[in-house]
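Peer 1: Following the hints, complete the assembly by docking chain B onto the known chain A.
Number of protein chains: 2
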Amino acid sequence: MSIVKAYGAQSPTAALELLEIERRDLKHDDVKIKILYCGVCHSDIHTVRNDWKGSKYPVVPGHEIVGEVIAIGEDVKKFKKGDKVGVGCMVDSCQNCEACNKDLEQFCEKGMVGTYNGKDQILGGHTFGGYSEKIVVKEDFVLSIPENLELKAVAPLLCAGITTYSPLKHWNVKKGDRVGVIGLGGLGHMGIKLAKAMGAHVVMVTTSPNKSQDAKRLGADEVLISKDKQAMETMANSFDLLLNTIPVKHDINPYLKLLKIDATMVMVGAIEPLEPVHGGNLIMGRKRVAGSLIGGIKETQEMLDFCGEHNVVSDIELIDMPYINEAYERVINADVKYRFVIDLESLRN
Amino acid sequence: MSIVKAYGAQSPTAALELLEIERRDLKHDDVKIKILYCGVCHSDIHTVRNDWKGSKYPVVPGHEIVGEVIAIGEDVKKFKKGDKVGVGCMVDSCQNCEACNKDLEQFCEKGMVGTYNGKDQILGGHTFGGYSEKIVVKEDFVLSIPENLELKAVAPLLCAGITTYSPLKHWNVKKGDRVGVIGLGGLGHMGIKLAKAMGAHVVMVTTSPNKSQDAKRLGADEVLISKDKQAMETMANSFDLLLNTIPVKHDINPYLKLLKIDATMVMVGAIEPLEPVHGGNLIMGRKRVAGSLIGGIKETQEMLDFCGEHNVVSDIELIDMPYINEAYERVINADVKYRFVIDLESLRN
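Chains as they are written, first to last, in the working numbering: chain A, 12 to 360; chain B, 12 to 360.
Treat the hints with caution; some may be incorrect.
No copy labels: a pair is met if it fits in one copy or bridges any two.
[As the list claims (entries may be wrong)] For lysine-lysine, the following BS3-like pairs were computed, each having C-alpha atoms within a straight-line distance of at most 25 Å:
1) 180 <-> 271
2) 45 <-> 227
3) 113 <-> 185
Since the hints were made in silico from the structure, they are not lab data.
Excised from the complex, chain A in its bound form (with noise of 0.2 Å):
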């Protein structure tokens, strides 16, 4: 074991502070990476203040990680030193059941181990995230970043990015298809950007009039308001997918009407109960509500290829890690363009 610099949280109510952790030794199948860059994703606040119950203190976050390998385990193939590289939302699963066996390691039967807060199968304990100068993960759950891409606008690939491109491939979005990005932050502006690099036609869909240029720079071939309700009679039946990436509780029965026949909305964003759906918009059109978490590791390669191929990384303010406090204040407030990334050189220095 060795300790490593971190930022956490020692209870629900305190601030991020410097701490210091374990790490374990290196593994025969084990990649030890040098953290550069962190993603800050909203489930990192959730989980500092326990809004989903559950957790495990000192939390320390980050599952959008990115670095470079400066060790490997005697086992370890696809991986070599110097190489970058990325970890996203989960680092192990049993890798044996119907779910892992299907790639799918999100829906692990037993439980995928989380980045951070997930139950460490090595050292005990719970698992500590990116906000680290370093980690240590088995090779199955490392992942390879495309050397055209800018290394600090990734990190929020690792989970903004394969939670919207995972049910866009899952739903088979291609040229031509009219998709919906309902609520433009970290993953819509995600959302916007893959769905149109697979062809789509892309319209986004939000409350917010003044968003409506920034969507359009991101990729929006249109902009839906939704308050405006003879727009949103216009656009009825319209729309082959439409991707909601609302955080929070609303009401998904406007939405529903956009669908074409058998069409179907994704959720992604929003783990809380939703306003009452009327069952008539369903019925009527044969309509579907789905969810959709991460992606497996499988499919997240796959993302990050697909975003080498087509330069897609995120939008980016990039922060020093003493900010964090700050930032997360920012993220609720919905303040950021579009995604903090921390500089882990700043945890170092």
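Peer 2: Chain B in isolation, oriented as in the chain A frame:
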């Protein structure tokens, strides 16, 4: 035009009573049907009582019609005098939009014409349903009934049958699939029979332990009592499809937990707001909730042919026309196994 006898209601609060209504003269593509039997659907009651608003009076309900062809227009090819035929929930549609071209007339972009309380395209005013001696229907909306089936027990197939058959087929139920049918009423009892005939392992999901025996008689392989938390836990993540026939507002969250990864619960009963769905119950396991509305004409014929092959009909209680008001009270109290069917001879006598 001709005048025929019917039963209908003059206002939302009136009892059904004997009326005289107009039927159109035979057009070149029309079939004139002497109605033999008509099933009693809960929608009839909702329409009579204006529960869904927009009812036009007098309401003459009935969209589970079985009868005998007594005359045909000069261009009618598919039917001849004496044929036993059925009419379901629709008597017309534009037959020219994207939905109609996909054999989904129930979702016709211009609005399908309901068998009752629809906008009558020929006579003007609104359509009158099957609680009547005779009906005149466009050939394309008339269905052939397999000769081996008992006519009076076929009537409910025209609505309850297709409403459950269509989602089972659309979601591709096949031999060995685990299908849960939620709620044992008119729809649920057909859901069990049809899923079983498709080769599925059928589990009846009900709040009422006293329905177990009957569910098994109808073909259910197992019964799951939804109030039994331990039993629900045991069957978590085990269903390929859930067919939810509950006709009123309820909490679908416990049922979502029964679905396998990527599996769907199809709502066919509740045309009203449901209790709030927890986003996490969709996101974990990429689960789906969908709706389904009857089925197109082509699929309704396919359903009837399937029922002919597999000897599937409804369990019915045959009643005379004047009993209808009492029957409605019993439907509301779920006191029928499992569908009332009116013998229209009782109207002619």
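Peer 1: All hints are to be evaluated individually against the structure, with a verdict given for each.
Peer 2: To see whether the hints hold, each was checked on the structure:
no.: 1; hint: 180 <-> 271; result: both (18 Å within a copy, 20 Å between copies)
no.: 2; hint: 45 <-> 227; result: neither (36 Å within a copy, 61 Å between copies)
no.: 3; hint: 113 <-> 185; result: both (23 Å within a copy, 21 Å between copies)
Of the numbered hints listed earlier, the single one contradicted by the structure is hint 2.
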